[in-house]
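There are 2 protein chains.
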Amino acid sequence: MNHKIYLDENEIPTKYYNLRADMPVKPAPMLRPDTKQPVTLADLEPIFARELARQELDDETRYFDIPAPVRDFYKIYRPSPLIRADKLEQALGYAGKIYYKYEGNNTSGSHKLNSAAAQVYYAKAEGVKSLTTETGAGQWGTALSEACSYFGMPLTVYMVKASFKQKPFRKIIMRTFGADIFASPSDTTAIGRKMLADDPKTTGSLGMAISEAIEKAVTSDNARYVLGSVLNQVLLHQSIIGLETEKAFQKIGEYPDAVIGCAGGGSNLGGLIAPFMRDKIKGKKAIDIIAVEPKSCPSFTRGRFAYDFCDTGNLTPLARMYTLGSGFVPSADHAGGLRYHGMSPVLSRLYADGQLSAEAYKQTEVFEAATLFAKHEQILPAPESAHAIKGAIEYAKRCQAAGETKTILFGLTGTGYFDLAAYESYQNGTMKDYVPSDAELAKSLKNLPQTP
Amino acid sequence: MNHKIYLDENEIPTKYYNLRADMPVKPAPMLRPDTKQPVTLADLEPIFARELARQELDDETRYFDIPAPVRDFYKIYRPSPLIRADKLEQALGYAGKIYYKYEGNNTSGSHKLNSAAAQVYYAKAEGVKSLTTETGAGQWGTALSEACSYFGMPLTVYMVKASFKQKPFRKIIMRTFGADIFASPSDTTAIGRKMLADDPKTTGSLGMAISEAIEKAVTSDNARYVLGSVLNQVLLHQSIIGLETEKAFQKIGEYPDAVIGCAGGGSNLGGLIAPFMRDKIKGKKAIDIIAVEPKSCPSFTRGRFAYDFCDTGNLTPLARMYTLGSGFVPSADHAGGLRYHGMSPVLSRLYADGQLSAEAYKQTEVFEAATLFAKHEQILPAPESAHAIKGAIEYAKRCQAAGETKTILFGLTGTGYFDLAAYESYQNGTMKDYVPSDAELAKSLKNLPQTP
Numbered sequence: 217m218n219h220k221i222y223l224d225e226n227e228i229p230t231k232y233y234n235l236r237a238d239m240p241v242k243p244a245p246m247l248r249p250d251t252k253q254p255v256t257l258a259d260l261e262p263i264f265a266r267e268l269a270r271q272e273l274d275d276e277t278r279y280f281d282i283p284a285p286v287r288d289f290y291k292i293y294r295p296s297p298l299i300r301a302d303k304l305e306q307a308l309g310y311a312g313k314i315y316y317k318y319e320g321n322n323t324s325g326s327h328k329l330n331s332a333a334a335q336v337y338y339a340k341a342e343g344v345k346s347l348t349t350e351t352g353a354g355q356w357g358t359a360l361s362e363a364c365s366y367f368g369m370p371l372t373v374y375m376v377k378a379s380f381k382q383k384p385f386r387k388i389i390m391r392t393f394g395a396d397i398f399a400s401p402s403d404t405t406a407i408g409r410k411m412l413a414d415d416p417k418t419t420g421s422l423g424m425a426i427s428e429a430i431e432k433a434v435t436s437d438n439a440r441y442v443l444g445s446v447l448n449q450v451l452l453h454q455s456i457i458g459l460e461t462e463k464a465f466q467k468i469g470e471y472p473d474a475v476i477g478c479a480g481g482g483s484n485l486g487g488l489i490a491p492f493m494r495d496k497i498k499g500k501k502a503i504d505i506i507a508v509e510p511k512s513c514p515s516f517t518r519g520r521f522a523y524d525f526c527d528t529g530n531l532t533p534l535a536r537m538y539t540l541g542s543g544f545v546p547s548a549d550h551a552g553g554l555r556y557h558g559m560s561p562v563l564s565r566l567y568a569d570g571q572l573s574a575e576a577y578k579q580t581e582v583f584e585a586a587t588l589f590a591k592h593e594q595i596l597p598a599p600e601s602a603h604a605i606k607g608a609i610e611y612a613k614r615c616q617a618a619g620e621t622k623t624i625l626f627g628l629t630g631t632g633y634f635d636l637a638a639y640e641s642y643q644n645g646t647m648k649d650y651v652p653s654d655a656e657l658a659k660s661l662k663n664l665p666q667t668p
Numbered sequence: 217m218n219h220k221i222y223l224d225e226n227e228i229p230t231k232y233y234n235l236r237a238d239m240p241v242k243p244a245p246m247l248r249p250d251t252k253q254p255v256t257l258a259d260l261e262p263i264f265a266r267e268l269a270r271q272e273l274d275d276e277t278r279y280f281d282i283p284a285p286v287r288d289f290y291k292i293y294r295p296s297p298l299i300r301a302d303k304l305e306q307a308l309g310y311a312g313k314i315y316y317k318y319e320g321n322n323t324s325g326s327h328k329l330n331s332a333a334a335q336v337y338y339a340k341a342e343g344v345k346s347l348t349t350e351t352g353a354g355q356w357g358t359a360l361s362e363a364c365s366y367f368g369m370p371l372t373v374y375m376v377k378a379s380f381k382q383k384p385f386r387k388i389i390m391r392t393f394g395a396d397i398f399a400s401p402s403d404t405t406a407i408g409r410k411m412l413a414d415d416p417k418t419t420g421s422l423g424m425a426i427s428e429a430i431e432k433a434v435t436s437d438n439a440r441y442v443l444g445s446v447l448n449q450v451l452l453h454q455s456i457i458g459l460e461t462e463k464a465f466q467k468i469g470e471y472p473d474a475v476i477g478c479a480g481g482g483s484n485l486g487g488l489i490a491p492f493m494r495d496k497i498k499g500k501k502a503i504d505i506i507a508v509e510p511k512s513c514p515s516f517t518r519g520r521f522a523y524d525f526c527d528t529g530n531l532t533p534l535a536r537m538y539t540l541g542s543g544f545v546p547s548a549d550h551a552g553g554l555r556y557h558g559m560s561p562v563l564s565r566l567y568a569d570g571q572l573s574a575e576a577y578k579q580t581e582v583f584e585a586a587t588l589f590a591k592h593e594q595i596l597p598a599p600e601s602a603h604a605i606k607g608a609i610e611y612a613k614r615c616q617a618a619g620e621t622k623t624i625l626f627g628l629t630g631t632g633y634f635d636l637a638a639y640e641s642y643q644n645g646t647m648k649d650y651v652p653s654d655a656e657l658a659k660s661l662k663n664l665p666q667t668p
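Listed in order, the protein sequences are those of chains A and B.
Converting from the first sequence to the working numbering requires adding 216 to each position, the first position being numbered 1.
Converting from the second sequence to the working numbering requires adding 216 to each position, the first position being numbered 1.
Just chain A, same shape as in the assembly (with noise of 0.2 Å):
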């Protein structure tokens, strides 16, 4: 039995799947803030790359050709490998299979980079002079950034003064990739000299970072922004985790029995399950499909199906997804990223649907599976991938219980290198456990927008 799974790399899909295609029930559209109607491609051109605001609003064409520039790039670090757990099923006593597709084998650490490539090119083909972008835990920012400088195109992040501080490694990375990086809030924008006038000592929020990296963009010359989760578009290039992960599973024959996948905005979840949910829709597999969300940040299992801003300012349009209230921010205690109050318009109709599944799980718990994953599988889970971790464990242990031997495919992210001051205080046993109250969620829950 070969431990890996490795596709050749003339077997990188050459087409990116468009699971809405797929779906009888379509994700409701975006709607523009003033007049509350779907927004049109004349509206996203001026934000987005022609070719990314088509494939945003696109609903019925079912694959995209991924551009041979772009294919060339994933082949510095994909296919990447579906790996059988044996030693986690051993450590677990599980009969069954576990399987997991690991997207950290690249530098900036995660599955953010197949997305930042696609954009990256799109925008350089269409003569976009350079990008922005904001960037929290710090994930999409590297990602944006080695793309940047694979394609040649000059970068500016903002990154939340916190983060700017807690973790000056990424940060080095980005300069060593040439992005220029800036503390949020900045004095390089208006609005960035605006809030730190209000408060010279604010430490920041991504929110506040969203709205200096959309100044920076607007007015800069032909200059755009661009972001790492949420989009639609982002989902169509995160396709191809589950394209590669269903054509190693062809070459050994087998079909998991469920999929399961952290959620933050939804990139990675909605990437990996795409042809499965397809078959699943399809009525081909009646598999389980999981989201796994922690429990400080619930938008799946606690929050509201609803139309709501994308960020904590409220400049951009409206999606209909499950949120927690565009004010919602988790507590600090909460390390890592799933720290999004929304979730994808498309997992978030699936959910509706019924065709996905929520599970939430505490932080310390996941905390507890990924150390356990590191021991016996020998990779350093980043802490988002970990909740995935949690979930397939879980999952397993009803298996067990059941007296089942399921196959079971869960998607591993990332690497956390630059987590380790988290593991450390999981380790020294000051990690806390934040779950937000009934009355805390209804308070940001009160201001939704309202739509016609």
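Treat the hints with care, as some may be off.
If several chains are the same, the list does not tell them apart, and a pair holds so long as it fits within one copy or across any two.
As the list claims (entries may be wrong) - The list that follows gives simulated cross-link-like pairs (lysine to aspartate or glutamate, EDC-like), each with its CA atoms no further than 16 Å apart:
{"no.": "1", "residue 1": "LYS220", "residue 2": "GLU305"}
{"no.": "2", "residue 1": "LYS242", "residue 2": "GLU431"}
{"no.": "3", "residue 1": "LYS622", "residue 2": "ASP473"}
{"no.": "4", "residue 1": "LYS662", "residue 2": "ASP649"}
{"no.": "5", "residue 1": "LYS340", "residue 2": "GLU267"}
{"no.": "6", "residue 1": "LYS242", "residue 2": "ASP473"}
{"no.": "7", "residue 1": "LYS383", "residue 2": "GLU640"}
{"no.": "8", "residue 1": "LYS591", "residue 2": "ASP396"}
{"no.": "9", "residue 1": "LYS252", "residue 2": "GLU581"}
{"no.": "10", "residue 1": "LYS467", "residue 2": "ASP224"}
{"no.": "11", "residue 1": "LYS613", "residue 2": "ASP224"}
{"no.": "12", "residue 1": "LYS303", "residue 2": "ASP288"}
{"no.": "13", "residue 1": "LYS383", "residue 2": "GLU261"}
{"no.": "14", "residue 1": "LYS496", "residue 2": "ASP549"}
{"no.": "15", "residue 1": "LYS345", "residue 2": "GLU261"}
{"no.": "16", "residue 1": "LYS291", "residue 2": "ASP302"}
{"no.": "17", "residue 1": "LYS220", "residue 2": "ASP288"}
{"no.": "18", "residue 1": "LYS496", "residue 2": "ASP238"}
{"no.": "19", "residue 1": "LYS345", "residue 2": "ASP281"}
Hint data in this document are derived by calculation from the structure and do not stem from the laboratory.
Here the structure of chain A is known, so what remains is to put chain B in place on it, guided by the hints.
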């Protein structure tokens, strides 16, 4: 063209190759420090597992079987890819080919895991109950922790106090794998307590940590001390790097004209070059084999070929090697590893016999090469590995000047995720280029031990 050449798991070598068997002049034997007579198997067995002691002394056996459990461990992260540096070639305008063998795709982040797995396995198989070691920069301690976690072997690591404080993340990874880590000198050994009494503010040294690890091993029940470089057995285990590389080149019908690796104690270089040096020694191939070292610790390029102690505390056997004197410690301005005062006796013999050449570079030019490489090849190299990158770039430039298009192979031993403070000092312009003066070297070479 494939960017990466992967072997199948079934093609992982089943035997280590012992280059000593093909050396016409063998490396000089180690000498006991008391009698100055060659060490025997009986001398080594209290220190090393029996099989490892046998491997250490055997200059005749050409191949050693890799035990099945060690091969299973290798399947977690091997075969490692041989990668065509096509983007670096383009950036340099080099018309020849550059390949690198990448050993950083594992959680420990370097090639050290190859020997760690073998050493832990043999100790476990022979009933050893625990292991001790020292670590400086932390690559070896991390690799050994990972292997000990897998094979279920308790491990105590003495980490130089300065590194313990400067690289806290290294220690958290080791703890995740279940190792006990102490900042050295510590109060857990008699010699540590004495060192602390002599100088309560000492920041420690590799020499002190070795002394503590050895004391801990000899005063514990059936424990052994292990180390990660310099020794013949370590080069033997690392031959897996070279054997895989040879097989990958056979697959694509090529053979390198130059093989380049960084050199500290010699473990990676000795492993990478093994089959290529064999072909050179046997007159089958006329190739260049080049060791690259830092100008701050120039054992090959400015050291003396003589018997010397392997440790600063002068407790170990004497080895005949290129040495800067066992009291030599490079400036703290020097980042990363490659800080050892001596050099593998095998490589020292080959260098003395003109089979191997050596070059030394300054720290800032090495980080300049590292940054160029990261931007084009999308891998963040360890500072150690970046010496080989610099050597390869300079070799390519010499070829260009001569109108040649030679095929260059270098070893990329690991990632720089834990060396980002050094990258920062390079980016900030505060990185220093330390080069020892002639007087300094003369002083540290003055007290070499007398041998018959």
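Ascending list of hint numbers which this structure does not respect: Violated hints: 2, 4, 6, 9, 11, 13, 14 and 19; rest satisfied.
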